[in-house]
Amino acid sequence: MTAAFPQADPPLLVMRRVTKRFLNVVALAKVDFDVRRGEVHAICGENGAGKSTLMKILSGVYTPDEGTIEYRGEPLVLRGPQAAQDAGIVMIHQELNLVPHLSVAENIWLAREPRKGLFIDRQAQRQGALACLSRLGVAISPDALVSTLPVAQQQMVEIAKALSMKAELLIMDEPTSSLTDAETGRLFKVIGDLKQAGVGIVYISHRLDELAGIVDRVTVMRDGQHVSTKAFAQTSIDEIVSAMVGRALDDKFPPPTRRPTGEAMLEVRGLCRDGVFGPVDFELRRGEILGFAGLIGAGRTEVARAVFGADPVDAGSVRFEGRELRIRTPADAIREGFAYVSEDRKAHGLAVKMTVAQNITLANIAAVLRRRCLVAFDRELAAARRYIDALGIRTPSPQQVVQLLSGGNQQKVVIAKWLFRESRVIFFDEPTRGIDVGAKFAIYELMDKLAAQGIGIVLISSELPEILGLTDRVAVFHEGRITRVLDTRATSQKEIMHYASVRRVDGAAPAEPTLSFLAT
Amino acid sequence: MNERQKDLFQKFGALAGLLILVAVFSATSPVFFSMGNAMTVALQVTSIAYLGVAATCVIITGGIDLSVGAILALSGVVAALCVRAGAPVALGMFAGLLVGAACGAVNGLCVTVLKLPPFIATLGMMLVARGIALQITDAKAIGGLGDSFAELGNGSLWRIVKVGSDGFPDIVFPGIPYPVLLMVLLALAASVLLRLTGLGRHLYAVGSNAEAARLSGVNVRGVTLFAYVLSGTIAGLTGCVLMSRLVTAQPSEGLMYELDAIAAAVIGGTSLSGGVGTISGTLIGAFVIGILRNGLNMGGVSAFVQQIIIGAVILLTVWIDQLRHRR
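Top to bottom, those sequences are chains Y and S. Read left to right, the first sequence gives residues 21 to 540 (the working numbering). Read left to right, the second sequence gives residues 7 to 333 (the working numbering).
If you're looking for bench data, these hints aren't it; they were derived computationally from the structure. Wrong hints could be hidden among the right ones.
Unchecked claim - Negatives, chain Y to chain S, calculated, CB over 10 Å:
id : residue
1  : V158
2  : R355
3  : K366
4  : D468
As the list claims (entries may be wrong) - Output of the computed footprint for chain S on chain Y, the stretches with three or more beta carbons under 8 Å from beta carbons of chain S:
id : region
5  : 377–384
6  : 392–400
The C-beta atom is built at its ideal place from N, Cα and C for all residues, glycine as well.
Kindly generate the complete structure, drawing on both the sequences and the hints.
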């Protein structure tokens with residue numbers, strides 16, 4: 021399938037028919053994948069396509085249920101991440117794995133400290149760190165505490181750490197997600213050097229526009245399966261995207277049944293938190309789904325949390341149903357009928373040790389109290405059963421501990437909690453992250469149904485197809501401000517991406533495509 | 007097994023352990039299994055049980071209270087000083103309760119407003135309260151408190167005494183000692199609070215995931231503060247009852263009781279990471295410790311060996327609990 025790409029040597033890594041199941045869910049089904057020395061091989065796919073699972077197998081976190089891995093021409097069985105590192109397979113994780121209270125140099129050499137007799141050779145440690153950092157061309161002191169560095173610099177430290185390990189196979193999971201253009205440029209230069217040195221690189225990125233500069237081959241995955249592998253020169257971004265999605269957009273999203281009225285129910289004016297976002301203005305209309313689009317870190321979550329009272333604001337006004345609100349805490353917001361379905365269910369959404377029923381009534385325990393004091397269990401269970409049925413939550417009983425449910429069902433429990441509170445404005449923050457395709461569709465349908473009942477919905481999503489497929493209007497964020505509010509039917513990924521990347525609020529639509537990938 | 011069955015399994019596990027202990031001690035000591043000794047055990051367990059209830063409420067929120075032993079001493083001493091200064095017993099003991107509640111409130115404010123880790127906040131209070139108790143009494147026991155002060159700790163309900171034909175009093179029924187009665191009432195009230203009320207539900211929610219609770223509109227600060235005030239108040243109550251039982255107020259009383267209380271809760275299945283725990287479990291835990299002490303005492307086992315055995319029992323039960331959760 022890649023005959024056009026000349027390569028004399030046998031590949032550095034060959035994975036054949038690798039399969040991985042979690043309980044009954046097939047995360048990877050007979051996936052073939054290979055990496056050659058000195059090439060950058062990109063893996064593209066939507067969330068849940070199986071990219072991360074594949075990489076976790078490669079870095080020794082998971083063991084495959086079936087299939088073989090051949091590395092440097094020999095069969096490879098990895099017993100844990102350490103074994104992978106010892107074999108020269110190094111992964112740069114998307115989420116940073118640094119110890120905040122140690123210095124940059126200490127982090128780079130963590131658990132591999134150069135020694136002089138019994139003691140750590142601090143001099144060698146510092147020098148080694150400095151060498152890796154200067155190779156990346158970044159001015160970070162090896163003595164700085166990691167906790168004092170901004171995220172982008174932490175990312176560079178993570179990359180420097182990987183460099184210090186003398187990897188033969190380097191896996192990069194969204195390495196540029198928090199880097200500036202200049203930093204990305206330097207990283208690409210280092211990747212070029214590594215290629216020259218014969219290192220094989222697996223590159224995962226959602227920013228398809230980046231691929232052009234560095235990638236040799238592209239593998240597309242979808243729903244745990246291998247779709248295609250092609251030389252980058254012989255494919256196009258469009259082809260990659262359609263291979264990733266695999267079907268027309270209409271199939272992925274339910275047909276809308278809602279009819280937004282055009283009447284504003286929520287008006288936010290001049291909302292601002294110094295150094296984080298703002299000033300931000302937007303309005304939410306009755307029965308509509310308003311998208312918040314933008315890159316990670318553009319301030320979408322922060323604005324939603326601020327309106328919900330979860331974080332403080334420095335200025336701004338919130339009008340709801342014609343009344344000025346003073347929201348200081350989530351409790352204030354909930355009293356007004358606001359709800360927030362958080363990005364991180366386990367950290368912010370659920371009391372995971374408690375039961376489904378207890379979580380559903382958590383935000384509205386007063387509704388199941390008898391004589392305003394004692395919990396009426398019959399009423400609580402009846403309410404829980406009602407929402408379990410209505411939302412199709414798959415749980416053996418309302419008494420099941422939430423921890424034991426799947427991601428999709430946990431998300432439905434969070435939504436049920438807010439429906440039981442009779443919320444009238446719901447912020448959905450990346451509601452389908454880490455959820456399988458079937459459950460996603462159910463959640464999409466539910467959002468549409470809720471909007472049809474007159475609930476105002478804000479959908480924060482980093483997946484543009486989701487924004488385009490679900491919303492009525494899109495507010496595009498860039499660096500803490502809304503650069504443009506677009507009518508979803510009249511816009512395109514291209515236009516949204518443009519406003520997500522411009523640095524100032526300007527009126528004109530892009531006359532020329534400005535992003536590199538659009539030129540292909 | 008669903009969670010309810012698991013819960014029962016856990017409780018019956020501890021309960022079975024308790025019954026085995028009773029059986030073993032009954033077999034080895036002729037006097038162990040008697041009404042008289044049962045009352046003795048029940049009385050001895052009361053302090054651990056009260057404080058265990060307090061510990062359970064705090065630990066469920068994900069906190070810990072190390073100061074209950076010291077608050078107990080301070081409250082008892084304050085009650086005794088008030089009584090000796092001429093206050094009625096009820097008023098003196100009420101003052102003791104208030105002192106306990108105040109200490110608990112300081113703990114709670116340190117945790118919620120100053121954001122100190124509960125371990126540190128209550129460690130500080132442990133030293134401060136004990137110090138005050140020793141300071142205001144000159145480290146001396148307060149005696150001569152009179153019969154009415156001793157009533158709460160030594161009296162009983164439904165005690166039936168007949169004067170026999172030989173002229174001596176004949177105890178038909180020893181009655182239920184007030185401390186035991188109080189233990190039952192306190193446990194029932196705490197159970198109702200935790201299981202049936204909205205506040206109780208919120209205690210669990212805060213311990214299970216404080217941020218999720220906050221984002222669900224739970225007043226996390228208020229709930230946490232309540233747990234510490236409750237704990238302090240119960241410690242104050244324990245102090246009054248204990249000093250009344252001893253008829254003297256000892257500023258050095260209650261040393262290390264907080265550890266017994268935490269152990270009782272943990273043996274009873276309360277999770278130190280918060281969100282999990284029941285009063286019934288804690289009571290069983292308190293009785294496991296109490297019966298072990300009593301039985302070993304009767305068997306002539308030295309106090310030092312007792313410590314070793316109780317320590318081992320705590321390790322064993324918690325390990326079994328962990329195994330159950332790891333599955």
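These are the hints, each one checked on the structure:
| no. | hint | in the structure |
| --- | --- | --- |
| 1 | V158 | holds, 34 Å |
| 2 | R355 | violated, 7 Å |
| 3 | K366 | violated, 8 Å |
| 4 | D468 | holds, 24 Å |
| 5 | 377–384 | holds (count 4) |
| 6 | 392–400 | holds (count 3) |
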